[in-house]
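When you number the sequence shown by the working numbering, it's gap-free, plus one each residue, and the end is 1120.
In short, the hints are calculated from the structure, not lab data. Check each hint, because a few of them may be wrong.
To be verified - Listed below are the simulated SDA-like cross-link pairs for lysine to any residue, each with C-alpha atoms no more than 25 Å apart in a straight line: (1) K1041 to K974; (2) K1053 to K1111; (3) K974 to K1057.
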Amino acid sequence: GILISKYDTIITIDGDGQNNPINILDLLEVYGDQNNYQLVSGIRKERKDSLLKKISSIIANRIRSFVLGDNCKDTGCSLKIFNKKAFNKFPFFNGIHRFIPSLFEANNLSVKYIEVDHRPRIKGKSKYGTIDRLFKGLLDLYKVYKIIKKIN
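Whole structure, please, built from the sequences with the hints as guidance.
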């Protein structure tokens, strides 16, 4: 969808209802201010997930941040607004959505994080179990590490 979009500003949101669409206005306000952010990314406050999901997310975020050197506390939040041209410079792979903040930061693009609402899932179900997510996440982490290493 990003590739065929007619516009230079992209907004992403999960389809499961956990992100509150009203927070798009908050992201737009920050994105549109005079700071010229290339990415404004949501950080879920008061998550409405199971304890296991919260703990695994905290661990995964800390490992990713340590390996890639980014400042994102919650890369799993789907609510983001960013510049399409900047995003299209990154090599695409299935799972890139989890590393958008890392890639923007590694490319010295201006990034801002803001807290957003989080609601219980109202549609669909998680596509990964904890173990599936672990192995897929580690493979993707390695891909992004290699991409970032080429930049620096």
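For each hint, the structure was consulted:
1. Proposed proximity of K1041 and K974 is contradicted: the alpha carbons are some 31 Å apart, above 25 Å.
2. Restraint check for K1053 and K1111: the C-alpha separation of about 21 Å stays at or below 25 Å, so the hint holds.
3. The hinted pair formed by K974 and K1057 meets the criterion: a straight-line CA distance of about 17 Å does not exceed 25 Å.
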